[in-house]
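There are 2 protein chains.
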Amino acid sequence: MPLDRNEIPASEDVFSAAQNIAGMVHETPLLSSRQLNELTGANLRFKCEHLQKVGAFKARGAANALSLLPDGVEEVATHSSGNHGAALAWAAAQRGLACTVVMPETAPKTKRMAVEGYSAKVVTSGPSLADRESTLAKVLEETGAHEVPPYDDKRIIAGQGTVAMEVLKQSREQGFAPDVIVAPVGGGGLLSGVGLAMAALAPDILVIGAEPAGADDAQRSLRGGVHITTQQPDTIADGLRTTLGGKNYAVIERTVRDIVTVSEAGIVNAMRLLWTRTKQLVEPSAAVGLAAIIEHSARFRNKNVVVVLTGGNMDLDKVGPLLSSEEN
Amino acid sequence: MPLDRNEIPASEDVFSAAQNIAGMVHETPLLSSRQLNELTGANLRFKCEHLQKVGAFKARGAANALSLLPDGVEEVATHSSGNHGAALAWAAAQRGLACTVVMPETAPKTKRMAVEGYSAKVVTSGPSLADRESTLAKVLEETGAHEVPPYDDKRIIAGQGTVAMEVLKQSREQGFAPDVIVAPVGGGGLLSGVGLAMAALAPDILVIGAEPAGADDAQRSLRGGVHITTQQPDTIADGLRTTLGGKNYAVIERTVRDIVTVSEAGIVNAMRLLWTRTKQLVEPSAAVGLAAIIEHSARFRNKNVVVVLTGGNMDLDKVGPLLSSEEN
Numbered sequence: 001m002p003l004d005r006n007e008i009p010a011s012e013d014v015f016s017a018a019q020n021i022a023g024m025v026h027e028t029p030l031l032s033s034r035q036l037n038e039l040t041g042a043n044l045r046f047k048c049e050h051l052q053k054v055g056a057f058k059a060r061g062a063a064n065a066l067s068l069l070p071d072g073v074e075e076v077a078t079h080s081s082g083n084h085g086a087a088l089a090w091a092a093a094q095r096g097l098a099c100t101v102v103m104p105e106t107a108p109k110t111k112r113m114a115v116e117g118y119s120a121k122v123v124t125s126g127p128s129l130a131d132r133e134s135t136l137a138k139v140l141e142e143t144g145a146h147e148v149p150p151y152d153d154k155r156i157i158a159g160q161g162t163v164a165m166e167v168l169k170q171s172r173e174q175g176f177a178p179d180v181i182v183a184p185v186g187g188g189g190l191l192s193g194v195g196l197a198m199a200a201l202a203p204d205i206l207v208i209g210a211e212p213a214g215a216d217d218a219q220r221s222l223r224g225g226v227h228i229t230t231q232q233p234d235t236i237a238d239g240l241r242t243t244l245g246g247k248n249y250a251v252i253e254r255t256v257r258d259i260v261t262v263s264e265a266g267i268v269n270a271m272r273l274l275w276t277r278t279k280q281l282v283e284p285s286a287a288v289g290l291a292a293i294i295e296h297s298a299r300f301r302n303k304n305v306v307v308v309l310t311g312g313n314m315d316l317d318k319v320g321p322l323l324s325s326e327e328n
Numbered sequence: 329m330p331l332d333r334n335e336i337p338a339s340e341d342v343f344s345a346a347q348n349i350a351g352m353v354h355e356t357p358l359l360s361s362r363q364l365n366e367l368t369g370a371n372l373r374f375k376c377e378h379l380q381k382v383g384a385f386k387a388r389g390a391a392n393a394l395s396l397l398p399d400g401v402e403e404v405a406t407h408s409s410g411n412h413g414a415a416l417a418w419a420a421a422q423r424g425l426a427c428t429v430v431m432p433e434t435a436p437k438t439k440r441m442a443v444e445g446y447s448a449k450v451v452t453s454g455p456s457l458a459d460r461e462s463t464l465a466k467v468l469e470e471t472g473a474h475e476v477p478p479y480d481d482k483r484i485i486a487g488q489g490t491v492a493m494e495v496l497k498q499s500r501e502q503g504f505a506p507d508v509i510v511a512p513v514g515g516g517g518l519l520s521g522v523g524l525a526m527a528a529l530a531p532d533i534l535v536i537g538a539e540p541a542g543a544d545d546a547q548r549s550l551r552g553g554v555h556i557t558t559q560q561p562d563t564i565a566d567g568l569r570t571t572l573g574g575k576n577y578a579v580i581e582r583t584v585r586d587i588v589t590v591s592e593a594g595i596v597n598a599m600r601l602l603w604t605r606t607k608q609l610v611e612p613s614a615a616v617g618l619a620a621i622i623e624h625s626a627r628f629r630n631k632n633v634v635v636v637l638t639g640g641n642m643d644l645d646k647v648g649p650l651l652s653s654e655e656n
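Same order as they appear, the protein sequences are chains X and H. Counted the way my numbering counts, the first sequence spans residues 1 to 328. Counted the way my numbering counts, the second sequence spans residues 329 to 656.
Next up, chain X with everything else stripped away, as it sits in the complex (with noise of 0.2 Å):
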C-alpha cells in the first residue's frame, strides 16, 4: 500500500507541535561533559530528554497527538512495551481522557506500573507483535477508542521534532554552534522528526541518526535506498528494536545524512561513561548516539556535535549488573 503523501509530515508541523506542547512538556537540559569532551575529542553537547515528563522524549509526540484528536474522541489507545505506552497515559492524564495500553505480558514491571500509575488500563497480550495487535484491535473494536501509534504517525513524528527546535533556542544561548545532532533510531520517530526540523531551521546541521548493530534495519534501508519492513532485532538497547515505519522513512530520506551502527559493548560502555561521567542515570538506547560518536570518532572529531539523550527508564535490576567489569 503507498503512503498517503498527506500523511507525511512537513516542517512546518513541527513547528505547530512545538505550539501545541508549550507547557505541556519541559525545556530540558543541555549539558556539556569536559571529561567526555577530552575522552572523544569532540565538542559535544546533552540534550537531556531523559528528564523530560515520563522520562522520555516520547511525552512531546504523545502531547501533540492528543492536541490534534479527531472531534468527540474520549478514549485512545496503543500497544506499548515501553515508553510511548507510558507517555501516551500520561497525555491522556492530562486531558481528562480514557486510555487502554495492550502490553506484552514480558512487559517490565515498572513499565507496567508507570502506566497504570497515570489512571491508564492495562490488557495483557501474548508477546509476538501479531498478539498485540490483534488483542489491540480488539480493544479498539469493543471500545471504540483512537488509537495512537509509537512513530509511524505524523503526529507523533511532528512531536518528537520539537527536541530539535529546543536545541537550536539552547544552542544560541550557550553560544554554541552545532556541526551535527546525533539522534537514535529505532521506529525513526524521533530521527525524522529532527531531520524535519533540522531541514527548514538549519540545514546546515548534519542528522545523523545511530542504532546497534543488532537492529541495522534504518541503516540499510537508508544506505540502499529500499525501506525494510523486517528484522529480528538482537540489542540489550530495548528503545530501538522496533522497525522503522513507513512515514519515517519517507522523512529520513529526505533529510538524514547517514546512519551509523554500534557495538553492543560500544553501548555499554556509553552508557557506563555517561552514568559515571555525567551522573545522569540513561537508558542503554540513549546511550547510542555516545557510542557512535567513540566508534565512528574520525567522523566526530572537532565537531561540534550535539547528541541527543533519549530516555531514562530501565528495570535497574536488569541494567546494573552489565555495569559492573571494569571500565576500558
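All the given hints hold, so there is nothing to weed out.
In the SDA-like style, the derived pairs of lysine to any residue whose C-alpha atoms are separated by at most 25 Å in a straight line are:
#1 H:K466 <-> H:P455
#2 H:K646 <-> X:D315
#3 H:K646 <-> H:V450
#4 X:K318 <-> H:L651
#5 H:K482 <-> H:R585
#6 X:K318 <-> H:R600
#7 X:K109 <-> X:V122
#8 H:K646 <-> X:P108
#9 H:K437 <-> X:L323
#10 X:K121 <-> H:L367
#11 X:K169 <-> X:L31
#12 H:K646 <-> H:P436
#13 X:K318 <-> H:D643
#14 X:K318 <-> H:P649
#15 H:K646 <-> X:L322
#16 H:K449 <-> X:L39
To be clear about the criterion: a stretch of chain H counts as covered by chain X if any three or more of its residues have a C-beta under 8 Å from a C-beta of chain X, and this derived list gives those stretches:
#17 374-385
#18 634-647
Derived from the structure by calculation, the hints contain no laboratory data. Note that the coordinates shown come from a computational prediction; the quantities given were computed from them, not determined experimentally. Glycine residues also receive a C-beta, built at the ideal position from the N, C-alpha and C atoms.
Put chain H on the given structure of chain X with help from the hints.
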C-alpha cells in the same frame, strides 16, 4: 586542648570564600521533582552537588583552602579515602601545586584513579586512622607539604558554606521560599558551613542535619551538649563514617536546629527513589537527606525544604546490587 577561637570560622569567612572560588566551581542546579513531592508531602528542592567539579561539594572547600595558603607553599597533602582527596588533587592541579594524598589500601580503585587523574601522588597506607595519620605525618616531614584537612578546618568549612549562598540565590530566582534546609553530616564541614551562611543571611530558615543511625555521633553530641569524638561507624554511607570535628561542632552548636538519624534501609530506599524518579546518580551518603524527609515526615510535611545532594561518586559494582530488591 581547647579550640583556638580564631580558628572557628564566622559567616564573613563564607562570604569571602564565595569570592575566592568564583569561576572555579559550578553553580549546580536546584531541581524539583513532582513525584517526590507527592510521595513525601513536602515541597522539595534538590541542590545537585553531585554535578559539582569532582562530583562532590568537597571541591568548594578545597578550592577555598588553596586560595588562602600561606606564602611560599608549593605542595599540599592530606589523607582521604573519599571525595576530599580528589577535590584537593583537582584544586592543586588548578593552581599548579604539587599534591600528595595518603589513601588506605582499602580505598576503592575508582577513588584512587580519580586522584591520580588530577596528577596527584598517591601514597598507600594501612587501613586504620592511626596508619593513615602516621603515614601522612611522614609525608609532611619529608616533603614540607602543607596539610589541608578534610573538614575540621576554617577554610574548608567556609568553602562548603557557599552551597547555602547559592541555594538562597537560586531559590529567589525560582520564587521558592525555603522553610528548612537539610544537609548530611559526617565530619560536619558541610553542615557547619551551611549553618554559618544561614545564620547570617536567612536566620528564619531552619538548618537540620541528617546522619545514619549507624554513625550518630553528631546527633548525640548536639543533643547531649558534649562533643563525642569516638564512634564505631556502621553504615553504607561511606562519606559519613567520619567523626564530627571540633570546629565543626562549635559552629553546629550555635547554628543548627537539630540532627536527625535515618536507617540503612531508609538510605537505600531514598537512593533508589532519587535514581528512578530524578535520574540522578547520587552516592549513598547523598541520599541521607531525602531519607530523613521520609522517615521524619511529620516534621517536613507541607514545608518548603531544600535537600543537599552531596556527591555522586561510588563503586557501581558495590552499590548497584543494593538497588535490586523490589521497590517499597
